[in-house]
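Undergrad: Okay, here's what each chain looks like letter by letter:
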Amino acid sequence: MGDRLNESLSWGNALIFTLWGVVLLILVLGFVTYAIYFERKVIGWMQHRIGPNRVGPLGLLQTVADILKLLIKEDTIPRKADRVLFILAPALAYVPAFGVLAVIPYTQNLYFADINVGLLYYVALSGITTIAIVLGGWASNNKYALLGGMRSAAQMISYEVPLVISVVGVIMVSGTMNLRSIGEQQGDWFWQWNFLPQIIGFVVFIIAAVSELNRTPFDLPEAESELVAGYHVEYSGFRFAFFMLTEYVYVYAIAALTTVLFLGGWQAPLAFLDFVPGIIWFLLKFASVVFFLIWLRATMPRIRVDQLMGLGWKVLLPLSLANVFITAVYLELFVK
Amino acid sequence: MESYVNNYVIVAIFILLGILLPVVALTAGRLLRPHKPTDEKKTTYESGNEPVGEGHVRFNVRYYVYALMFVVFDVETVFLYPWAVAYKQLGLFVLVEMAIFVALLLIGLLYAWRKKVLKWDSI
Numbered sequence: 280m281g282d283r284l285n286e287s288l289s290w291g292n293a294l295i296f297t298l299w300g301v302v303l304l305i306l307v308l309g310f311v312t313y314a315i316y317f318e319r320k321v322i323g324w325m326q327h328r329i330g331p332n333r334v335g336p337l338g339l340l341q342t343v344a345d346i347l348k349l350l351i352k353e354d355t356i357p358r359k360a361d362r363v364l365f366i367l368a369p370a371l372a373y374v375p376a377f378g379v380l381a382v383i384p385y386t387q388n389l390y391f392a393d394i395n396v397g398l399l400y401y402v403a404l405s406g407i408t409t410i411a412i413v414l415g416g417w418a419s420n421n422k423y424a425l426l427g428g429m430r431s432a433a434q435m436i437s438y439e440v441p442l443v444i445s446v447v448g449v450i451m452v453s454g455t456m457n458l459r460s461i462g463e464q465q466g467d468w469f470w471q472w473n474f475l476p477q478i479i480g481f482v483v484f485i486i487a488a489v490s491e492l493n494r495t496p497f498d499l500p501e502a503e504s505e506l507v508a509g510y511h512v513e514y515s516g517f518r519f520a521f522f523m524l525t526e527y528v529y530v531y532a533i534a535a536l537t538t539v540l541f542l543g544g545w546q547a548p549l550a551f552l553d554f555v556p557g558i559i560w561f562l563l564k565f566a567s568v569v570f571f572l573i574w575l576r577a578t579m580p581r582i583r584v585d586q587l588m589g590l591g592w593k594v595l596l597p598l599s600l601a602n603v604f605i606t607a608v609y610l611e612l613f614v615k
Numbered sequence: 004m005e006s007y008v009n010n011y012v013i014v015a016i017f018i019l020l021g022i023l024l025p026v027v028a029l030t031a032g033r034l035l036r037p038h039k040p041t042d043e044k045k046t047t048y049e050s051g052n053e054p055v056g057e058g059h060v061r062f063n064v065r066y067y068v069y070a071l072m073f074v075v076f077d078v079e080t081v082f083l084y085p086w087a088v089a090y091k092q093l094g095l096f097v098l099v100e101m102a103i104f105v106a107l108l109l110i111g112l113l114y115a116w117r118k119k120v121l122k123w124d125s126i
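Chain order of the listed sequences is A and B. Going by my numbering, the first residue of the first sequence is number 280, and it counts up by one from there. Going by my numbering, the first residue of the second sequence is number 4, and it counts up by one from there.
Note that these hints are calculated values from the structure, not bench results.
The list that follows gives simulated cross-link-like pairs (lysine to aspartate or glutamate, DMTMM-like), each with its CA atoms no further than 20 angstroms apart:
{"no.": "1", "chain 1": "B", "residue 1": "44", "chain 2": "B", "residue 2": "57"}
{"no.": "2", "chain 1": "A", "residue 1": "359", "chain 2": "B", "residue 2": "42"}
{"no.": "3", "chain 1": "B", "residue 1": "91", "chain 2": "A", "residue 2": "611"}
{"no.": "4", "chain 1": "B", "residue 1": "45", "chain 2": "B", "residue 2": "57"}
{"no.": "5", "chain 1": "B", "residue 1": "44", "chain 2": "A", "residue 2": "354"}
{"no.": "6", "chain 1": "A", "residue 1": "593", "chain 2": "B", "residue 2": "77"}
{"no.": "7", "chain 1": "B", "residue 1": "44", "chain 2": "A", "residue 2": "361"}
One chain only, chain A, in its complex shape (with noise of 0.2 angstroms):
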């Protein structure tokens, strides 16, 4: 991939970045349908139960079943929808999902594109997710689905703020925005990795993704005892599915970009055990940083409303950019 960059743009070159990326879209779609297996499973096991075990062998094929049953159901769209806008809604729920995908490294020379504003297009691209809620749940014209699409949209931009903020700390250490870069700059010994020396960042980028995500204990908008599913209520087969895959690839964008900025990326925890491939160092990150998002939900019931607020602005917020002056002041005493 890296030599080909540097060659001029040819048609042979651009099929070839195109059957990288098909590649990386079939990689993610199973990481999705496993992500969802795994967590029922574990989830499952966490509970004394068994989780599923019908569907192939260890219930493996779960999933697959359960995504061929949206695909042969009946889509309804109610009378009173605005039809236009509750087709886009998914699609455009889905687009930037994928598309933050394309900045993000694996390794040092597994990357897509090494683009020099790759985190600040992250977090632009990241933003219109929200926007797609909102449309769902207006279009909806379902009382339950607005509520839940204006939770949902108030809640992601509110916890929005605090996530781009919390990275600026590491934006300033590494002096760069280019997620390779930031990677390649931590070091061989775990406590190099910016996790340690930006600490407040890291917890304040965790709890801020974790809502992001609208998982558990922050899974306001789909609270069933109270909004019935929230923006998605009226959506049915595979539209419905969508939402649902979004959900899931950014499990897997939030987790690989965790694993970049704060955990070492492909890097060795200890120097001496670099002979190990970075790819598998990736691999064992990111099944980490998923794995505590299920045992996050295992484990937390969800807050209430007026808690989530609360936290979001008086809490994470000023502690956010509080990090920011106290890396800034570090850099100026130390390492200048």
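With the hints as your guide, set chain B onto chain A.
TA: Here is chain B on its own, set in the frame of chain A:
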């Protein structure tokens, strides 16, 4: 230069693939799934009751205030990002400047806090 163009071509390819998947999947779905609409199926869902009133109900004005605050602080991050990238090359002067800028915005946040905008008291 070539690598600059190529990188953005990849970004464009990813976005195109992102558009393509919903189009292909929903078109394939249209061929596979049944389509037998009835009047009951096309009514708006309201926990099994007949829908009352209109769907676009009034909602809390608080959402609007949050959106305003989001705009303020998101613009702040637009300034913070380039500042953070260049910080190591710049002097103490820019740190003071940014401190003044953030302090101004924090006064806004404190004002909203005092006015109980951040307190959530209904749906």
